[in-house]
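Just so you know, the protein sequences line up as chains V and A, in that order. Number 104 in this note's numbering belongs to position 104 of the first sequence; there are no gaps in the numbering. Number 255 in this note's numbering belongs to position 255 of the second sequence; there are no gaps in the numbering.
Have a look at the derived ranges for each label pair, beta carbon to beta carbon:
(1) V:G151 - A:D198: 34 to 44 Å
(2) V:K91 - A:R361: 51 to 61 Å
(3) A:E258 - V:S62: 39 to 49 Å
Just so you know, the hints here were simulated from the structure itself, not pulled from any lab data. For glycine and all other residues, C-beta sits at the position ideal for the given N, C-alpha and C.
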Amino acid sequence: MSVPRILAFARLANGNEGPVRVIEGQGTKLSRTMHGIAYDAVHDEIIVPVHLAGAVLVFRASASGEEAPVRIIQGPHTRILRPETVNVDVKNNEIVVGEDVGQDVMFFPREANGDVAPLRTIRGDKTGLDEVRGVSVDPVHNLLVVSSRSGKGTTGVFVFNRTDNGNVAPRAVIAGPKSGIIRIRQLEVDPETGKIFVAVKNNLESYRFESPSPSPWNPDKPGFIGVWDINDNGDVPPRGVIKGPASEMVWPAGVALNPGDREVYTIDSVSNGMYSYYMPEFFPAKKQ
Amino acid sequence: MAMPEKRAWLMSIGAALLFIGGSINLLFHGAPAIFSSVFRSRSQASIASDDSDENDSCADTTELAMAMTAWRQTQQRGTRVALAADADAAGTQTETTPAGGDIAPARSVADAYPSLHSVAVDPDANQVAVSDSNRGAIFFYKRNAGGNSAHMATPERVIRGPRTGMMFVAGISMDTAEREIFAVNNDIGDRMEVFPYDTEGNIKPKRVLSVPHGAWGVALNPVRKEVAVSIEHPNTVVVYRREASGSEAPLRVLRGPETELADPHGIVIDAGHNEMLVANHGNWAPLTREEQEGPEGLRGGHFALPSINTYGVEARGDEKPTRKIQGAQTQLNWPMGLSVDSMHDEVAVANYGTNSILVFRRDASGNVAPLRVIKGDRTGVLGPMGVAIDTKNDELWVTNYRDHTAVVFARAASGNMAPKRVIRNAPAGTAAVGFGNPGAIAYDSKRGQILVPN
Chain V
1 MSVPRILAFA RLANGNEGPV RVIEGQGTKL SRTMHGIAYD AVHDEIIVPV HLAGAVLVFR
61 ASASGEEAPV RIIQGPHTRI LRPETVNVDV KNNEIVVGED VGQDVMFFPR EANGDVAPLR
121 TIRGDKTGLD EVRGVSVDPV HNLLVVSSRS GKGTTGVFVF NRTDNGNVAP RAVIAGPKSG
181 IIRIRQLEVD PETGKIFVAV KNNLESYRFE SPSPSPWNPD KPGFIGVWDI NDNGDVPPRG
241 VIKGPASEMV WPAGVALNPG DREVYTIDSV SNGMYSYYMP EFFPAKKQ
Chain A
1 MAMPEKRAWL MSIGAALLFI GGSINLLFHG APAIFSSVFR SRSQASIASD DSDENDSCAD
61 TTELAMAMTA WRQTQQRGTR VALAADADAA GTQTETTPAG GDIAPARSVA DAYPSLHSVA
121 VDPDANQVAV SDSNRGAIFF YKRNAGGNSA HMATPERVIR GPRTGMMFVA GISMDTAERE
181 IFAVNNDIGD RMEVFPYDTE GNIKPKRVLS VPHGAWGVAL NPVRKEVAVS IEHPNTVVVY
241 RREASGSEAP LRVLRGPETE LADPHGIVID AGHNEMLVAN HGNWAPLTRE EQEGPEGLRG
301 GHFALPSINT YGVEARGDEK PTRKIQGAQT QLNWPMGLSV DSMHDEVAVA NYGTNSILVF
361 RRDASGNVAP LRVIKGDRTG VLGPMGVAID TKNDELWVTN YRDHTAVVFA RAASGNMAPK
421 RVIRNAPAGT AAVGFGNPGA IAYDSKRGQI LVPN
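Can you build the whole structure from these sequences, using the hints too?
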């Protein structure tokens, strides 16, 4: 909220425990409203959107303190407006950027730096995209999965071909009352299992000046982590959930996976908390 | 999901909800806590309009006992059914209970203590107020509270709870004449609450005003009876009547490329000199495609140097600043809160990025060095967000975001000087977790670390 920082916590952090390192300060060029973050395990880099400066920053993954980004995608030719979320497709060497105000998804070369034009852009009325909140590439199935929130259209999970470009219709949309999706945020695909993990925030946030503003004290329908199959389509319930009072989640805004330890991570904007769940049922053992 | 299974699942959820809510309500009885009310389904609008005076901390042992009974019954029925089968090979959905369920976290990280944001002082009332952006609260202390103890200081009063409507409370300002405190809510709060000085607890605000998304700072102009609010996202300052409420439109809006507003944060009004000062982080990007594709050609985002911009109090539209402190000599680095000292003609800046307080001449302009800098390991300044000068008592207050403290210096303090007093909101040494409505998460598999941007 108030301070645009990247916090790194030990995986086993618990309780009132602080981060092991923080990336912060003017030299980092970070701004508030970083609603996306991606870790590139192959090149050991962190990618974040800078909403208030229309930029995408790439840091060394070990960065700490007031360390400058190693690359910046920014400028008029990028056509980036206000980037909301990011993902990295290591297999195809691309950075994927989703925009809420811009209502689009853009693809840049992974090593892009400066005022670089996007390789492809998915935007337009046929796409069904409105406020894009999450993007994730499934390189195994060659798909792009997008979470989009809309006040007038469809709020849900949109699946495109990875190489789609322009004003194209999605090949599948997961949305509707059975899905439980009311408000949606970050998502991540586990290509190994072909599962889509979604932070279904279901919060009451309102950005309209004339409208009554929300309060975290009174969430209407608590959110959850929902799991769908990469081949799901239509108004289908999640195949897996983390949801309910024991989970402590109210408005989960993000989701990250650690298949190696069979864990799912989320952060919650009501409790200002981070939660780690041991979920072996979501990461079945590989067959020998 | 089959109906009996669905019913049982819902019963389980309901019972668990009752149990958890009852337990926490009981634990926090009398001290309204966020978890005691998050599952309540009152609409936000009712906060401002509902005059019913229901007791928000009504848990008792009967309620808890009922919840525990319901919880045990559902557990005995075994309604947390076995995990669902995975999708079949064709990927078609099956009518089974979803895998997972209401799973308790293996680990959770949250800050149980306040994250201090802004500070305001009323020396005549002998009061200091600090805002807590973590738990949505305002704490009032006696002006001379604190000391050198490692113990937590006891506030005189606390305003927090569901009826306050406060969430990510950021800037605060005290109207010493009218004895009211103004608080703006950043992020998805998007509103300003006004409370009478002497109230406490889980109370409804005296007035609520909707403000644009991204409100950070609030400043009162007692002469003109106005209140100014800095708005990060649209790079704007909006000025309202002091008494404005509801969806009242601002009297003036300052916005446009000539203003050089860029991710504005702290704001202060110097009524004696008819000026308004605004701290900027330097981030700018077009808000719309129309703005991006303007007649002058394509525009993209950019980073400017941080600055302190000065405007006339009547500035509106795309008006230029009359002065600007900006450049390498200034040492500005994520400037947050501001405070003006008209008596000594100085302005103080909470300079988050270098854990310092910068003091400039009030009318400084350009690439100028500060008159004084409070910085160093003895100062206790760690992630400063708020600053307030108390000329009556010749003191300077600082709120630390990266520590659970407010620290008080002599007004003219400089260098690596220890504070006169420390007000602690947590036991000494308690880690400041640092979440503020986090919006994303990632896992660094190489280091075994979880990454959270704010």
